[in-house]
Amino acid sequence: MPVLAESPPMVPPRTRSLVSTSGAEQAIKAFFGGNALVALLVLALITVFLFREGFGFFGQNLNNLRLYRSAGLEYVDFIRVEAEKHSELTRALNDLRLRQFQKMQIEGVAPEQANASLATFDEFATAFSDTSEPLNGLVSDLSEQASALKEQLFAQAEAGATAGAPPVERDAALAVLRAGTQQYDQAVSGVSTGVDQLLSTAPPLPEAKLQQTFDKWKQRARDYVAQLPAAGEKLRAWSPDTPVPWYRAISAFLFGHDWITASFWQDWYGIRPLLVGSIMVSLVALFFAVPLGVASAVYVSEIASRHEKRIIKPYIEFISAIPSVVLGFFGIAVVGTAVRAISELPMFSWVSFFPISERLNVFTAGLLLALMAVPTIFTLAEDALRNVPRGFKEASYALGANRLQTIARVLVPASLSGIVSAILLGLGRVIGETMVVLLCAGNRIDIPDFTQGLGAFFQPVHTMTGIIAQEMGEVVRGSIHYRALFMVGLVLFTITLLINYFAQKLVARYRMSIG
Amino acid sequence: MTSVRPHLRRSRIIERIAFWAFRIATYIVLAFATYIFLDIGIKGARTVFTTTAPFVNTTFLFDRPQTLYVFEHEGQKMTLGDTDFRAWKETHGEPAVDPTTVAYSAGGIWPCIVGTALLVVGSMVLALFVGISSAIYLSEYSRNGRFIKLVRIAILNLAGVPSIVFGLFGFGLFVIFFGWNVSLLAGWFTLGLMILPAIITASEESLRAVPQGLREGSLALGATKWQTIRKNVLPYALPGILTSSILGIARVAGETAPIMFTAAYAMRDEMPWQVSRASDFVFQGVMALPYHIYVVSSKIPQNEYTERVQYGAAFVFLALVMLIALTSIVLREKSRSRLSW
Amino acid sequence: MVSLLEMPQAVSKSPTRDAAQLPAQQNDTAMIEIDRVKFAYGTNTVLHDVTLNVPPKAVTAFIGPSGCGKTTLLRCINRMNDLVDGAAITQGAIRIQGTDINTPGLDVVELRRRVGMVFQKSNPFPKSIYDNIAYGLRIAGVTKRSLIDEAVEKSLRASALWDEVKDRLNVSGYGLSGGQQQRLCIARALAVEPEIILMDEPCSALDPIATAKVEELIHHLKQHYTIVIVTHNMQQAGRVSDNTAFFYLGRLIEFADTRKIFSNPSQKQTEDYITGRFG
Ligand SMILES: Nc1ncnc2c1ncn2[C@@H]1O[C@H](COP(=O)(O)OP(=O)(O)OP(=O)(O)O)[C@@H](O)[C@H]1O
Ligand SMILES: [Mg+2]
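Protein chains in written order, with my numbering: chain A, 1 to 515; chain U, 1001 to 1341; chain B, 2001 to 2279.
If you're looking for bench data, these hints aren't it; they were derived computationally from the structure. Glycine included, each C-beta is placed from N, C-alpha and C at the ideal position. Keep in mind that a hint or two might mislead.
Using 35 Å as the maximum straight-line C-alpha spacing, the simulated DSBU-like pairs for lysine-lysine come out as follows [as the list claims (entries may be wrong)]: (1) Lys1334/U - Lys393/A; (2) Lys2213/B - Lys505/A; (3) Lys2222/B - Lys2121/B; (4) Lys2038/B - Lys1225/U.
Label-pair ranges, simulated between beta-carbon atoms [what the hints assert, rightly or not]: (5) Gln2091/B - Ala408/A: 35 to 43 Å; (6) Thr1058/U - Tyr2174/B: 46 to 54 Å; (7) Arg1086/U - Ser357/A: 38 to 46 Å; (8) Val476/A - Ala1096/U: 43 to 51 Å; (9) Tyr315/A - Asp2167/B: 55 to 63 Å; (10) Pro413/A - Asp2167/B: 28 to 36 Å; (11) Ala408/A - Ala1319/U: 39 to 47 Å; (12) Tyr2174/B - Thr1052/U: 27 to 35 Å; (13) Thr1100/U - Gln186/A: 37 to 45 Å.
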């Protein structure tokens, strides 16, 4: 052993006094703190900016709605609604005819013969369609006037600040417009007599089932005629000066069922069709992703051999890295076509809404999104399952339960909140996904027709994310449309934040409960 | 024991069936994904690889996108890219019938590759610098007060905000409010911010995974805080930070929505370095692979002429992103086995 | 064989510096003065009015039932509790050679360099054995390889680990057994030559042979160092310490010469604990 005594002190003499603080340390801390502050500020800025740009929407939308009333567009739309109801009835007739025709085809009737036998029905349909002439004419006349007035009022409002704009003779213009009430009454009486007459001479349809539908239709037509005068009352009661309450700006956004932009008539910013689209796509995605994701989590954590596990786990994580735009492209190139091809198979002919007409629809997008959600759900659910204390499992085995019973009665219940939060985070991912829905959901801004039942899931929709991606590039900064898109973004932001928040709360509770 | 009681046998059968159901569910997922990889891999490989040396289609990889001209000449069908078509016209004159044009379908995707690389590098530098620094502050310096807890929750939640919302924000703030227009700079900031919460969260997690004992041991030896962090915390947290960063790269590279209206052009003839002044560099928009894929899959039809660029671009992009993701997964598996407390 | 007894004064103490630095209230008999200390984790007060003078160059043992605050008090001495959020001395003071260690502006780093610590749970760094020990020197600015080599050997010998690891100084400290790890941590603390060494149950993970080695080591070390040791092992306290402090529920019940405590405690509680009637 060397002589320790000979070694000199190793630690350099302490030159610093005990009482001192290191400036460098402070600087380093300040540097990191500064960075954290920047990160925080910028992230806060996002939120503030979203709100700032979004909230301006309500003021503008209120003006938009006020102008809609004061220029009489609302008035004209009362009549337009009636005219549209009429054309809807006409469409139903045409649909009826088509079905009858198809039926005959299936029964082997030659097309010419079928057409011939439906000739009286066609006459009837045309005549019915014609009864709307006076209404349609009225609408188009009044539309022009109202549009012109709106233009003038808008210009006046724009120039208002600079003054000197020619005063708009609004009262005169509105008086002309309101003469429409009289014309409407006349049109209504024309329509009712016309329809009544027609209904009494309606031809029968050969197919009993269709005849039933036709009878129902006749009832609808009668109801329609009966409620026409009510609209007249609305017209009389309408006043351009009734104030539009402020909350209409909000409710029109949250509950409005039209998203119509850059229209020559009236722009509507109702989020409902987009919200419904997003929700439907997410539902389809979760419908597939939840069972698949949870099942594969159970499989990998409890059933698979070590060898399988080593491959499957990274592979599923790997899937989560597939860029969404590639998935979207794959949807367009392969999945959409495949879905439609499958719907055309004879084995599915019993499904009432098959074959589908659009290859890009809710289902196609949802299917692809499911693939995006599965890795999220899988990873987190597997985590939750794996973290169930061994003791639980062993106790169950010790009681003679087999593996399935242990999984179903012990493991899954014990990790349930973890699994639910996994599903929530999967939902968050799906609802915020853009490219797949933009490419594959069909982009039709319309609430699907739920009368078709599940068929609604095979119709094209537009989504909140999709609409932002599609329209943001073309809007003018500060315009109502621009702000409306920010509002949509804000809704999306709020929804995902809520989902995340609850998911994390659940996880926290889960951690606590298993200690 | 001579026989298994019947209800035991039944439950065994049920168990077997259930396990098969789980197995099938798992393999459905794997099969679906594999089908995607194969479909894009096989059809894309036709564009990207060739049978003759150098075995890759250099035109496709290193050329810019061009419009494709399809026409008939002397009974032969001609498909020529823009440049070739012009050269052809020099010698042959205008074709008899006006050619059909298909946008983007000739040439290659070089500017998109370059643009994506630029976007990824810039935004990751930004996000990693700020993100790791913030994580160090949060995990090592900050006191665990209520405010910091709130900050942590906020950051965690922001990590789940959809990328399109970040795109919206980037568009409103950088492109319009700051007047940067569609530019690399706006893209960097948008993508960087989008990934920032994830980087902070993951880095902080890695830092916290380093046992407290190591910090205390170091401090007790008279190390300063920074010495402790630099020598005894960061080195052990680095593998974790690295894997999450690489995963972040994969995400940044793979996102389309945030750059659609902040940084990406559908078509641009100049390459990014062809700018008149150096300061213009950051204020130019670029082409980007994911946006290009979006454009070629939604703005041009699906047919024999477009398949080349559609599948080719999807293949190259998928291969790049998956390579990055694979690196991250492999790295993590490695570091997981190496470091365990 | 030269024993540790011949180790030189490890810490260079120039009289001028001491005089300048350590103000008037210097207490000749105490290295560490713990003066009416009250300590709380948030609102949970775990030390009540603890007053105790740790004499220099001697071994002082802290004993007491689990949870009575021994570790807490130990960690107060090198201000390790700064790392725990919300933990603070709410009343009283701790002075080392007369300087209040909680004086605002006091350099904690310097304090900790002078007050070494061995933790209850051994915590070697995931570095090689060599680097583990060199760590403290390197951060203190020692770069000369030969100096470090020397210090590594010296500390490893001092902690009775040298013979076991001298051929594998480059393997990870994690590769050692629990007892070896603990001795590595002791060696690591010795390498920077502190004046005070705080040991929190240094033998809790050791077998009897390793324990004996550590005890022997402590015995030698006290020639040069002031040592405070927490232990649950009564025999150990009896064997190694000069003075013993008995804590119960955050209060110092008795502090006296070890022989006295073990042979003739003045408090009933102490006697009960020592004889194993509770705790
Ligand atoms: N970080 C902490 N935060 C809050 N309370 C703590 C913390 N550490 C210890 N305590 C509490 O302080 C009290 C004293 O703990 P301490 O660790 O000092 O006990 P000890 O005497 O060292 O016990 P042991 O012999 O088991 O090590 C205990 O009641 C404990 O619950
Ligand atoms: Mg203790």
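These are the hints, each one checked on the structure:
1. Lys1334/U - Lys393/A: This hinted pair holds, its Cα atoms lying about 29 Å apart.
2. Lys2213/B - Lys505/A: Roughly 51 Å separates the two Cα atoms, so the pair is violated.
3. Lys2222/B - Lys2121/B: holds, 22 Å
4. Lys2038/B - Lys1225/U: holds, 27 Å
5. Gln2091/B - Ala408/A: 35 to 43 Å: Between Gln2091/B and Ala408/A, where Cβ atoms are some 57 Å apart, the hint is violated.
6. Thr1058/U - Tyr2174/B: 46 to 54 Å: holds, 51 Å
7. Arg1086/U - Ser357/A: 38 to 46 Å: holds, 42 Å
8. Val476/A - Ala1096/U: 43 to 51 Å: holds, 45 Å
9. Tyr315/A - Asp2167/B: 55 to 63 Å: violated, 44 Å
10. Pro413/A - Asp2167/B: 28 to 36 Å: This hint is violated: roughly 54 Å between Cβ atoms.
11. Ala408/A - Ala1319/U: 39 to 47 Å: Holds, at about 41 Å.
12. Tyr2174/B - Thr1052/U: 27 to 35 Å: violated, 55 Å
13. Thr1100/U - Gln186/A: 37 to 45 Å: violated, 55 Å
Hint compliance for this structure: hints 2, 5, 9, 10, 12 and 13 are not met, and every other hint is.
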